[in-house]
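Please put together the full structure from these sequences, using the hints given.
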Amino acid sequence: MAEGRSLYRLIGWEGADRGGLLLSDGERDAITSALRSAPPAPPPATAGLALSKIRFAQLAGWIAKHAAAWSSDSLDLIEDEPNISPQDVFRFTDEMRARLDRLDKQAGRTLEKRHG
6 MAEGRSLYRL IGWEGADRGG LLLSDGERDA ITSALRSAPP APPPATAGLA
56 LSKIRFAQLA GWIAKHAAAW SSDSLDLIED EPNISPQDVF RFTDEMRARL
106 DRLDKQAGRT LEKRHG
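Each residue of the sequence shown is one higher than the one before, counting from 6 in the working numbering.
There may be inaccurate statements among the hints.
Pairs of lysine to any residue residues, derived as SDA-like cross-links and limited to a Cα-Cα distance of at most 25 Å, are as follows [to be verified]:
#1 LYS110 - GLY25
#2 LYS70 - ALA35
#3 LYS58 - GLY113
#4 LYS58 - MET101
#5 LYS70 - ILE59
#6 LYS70 - LYS110
#7 LYS58 - LEU105
#8 LYS58 - GLN111
#9 LYS70 - GLY25
#10 LYS58 - ARG96
#11 LYS110 - ARG96
#12 LYS70 - GLN92
#13 LYS58 - ALA103
#14 LYS110 - SER90
With beta-carbon atoms standing in for the labels, derived distance ranges [what the hints assert, rightly or not]:
#15 GLY113 - GLY25: 33 to 41 Å
#16 TYR13 - ASP81: 24 to 32 Å
#17 TRP67 - ASP34: 32 to 40 Å
None of these hints come from the bench; they were simulated from the model. Cβ atoms here follow ideal geometry from the backbone N, Cα and C, with glycine treated the same way.
This is the structure we're talking about:
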């Protein structure tokens, strides 16, 4: 690692690792300060509005792509470990649930309406 720098991980909204940055302490502090002092983001323009069919298809395809990746990854080294651990199943269902909840939110559904 570069002298005087540390690796900071970038985590996406769904919890997926998006890579890392090598930052000095000063750079880290400047970014942290800017993020903490920034005004809250306005709600997305699509919140509560109907999704277009195109946007829905994009989001549904994106969810399906990630589910297929999980399926494919679970088959790696199947000879060594034929059973999946409950923790891996829970990580998958949590990730898919978060993606579906986000899609619901963009279509205007609140969690209270869904679960209540």
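Violating hint indices (sorted, rising): 1, 2, 10, 14
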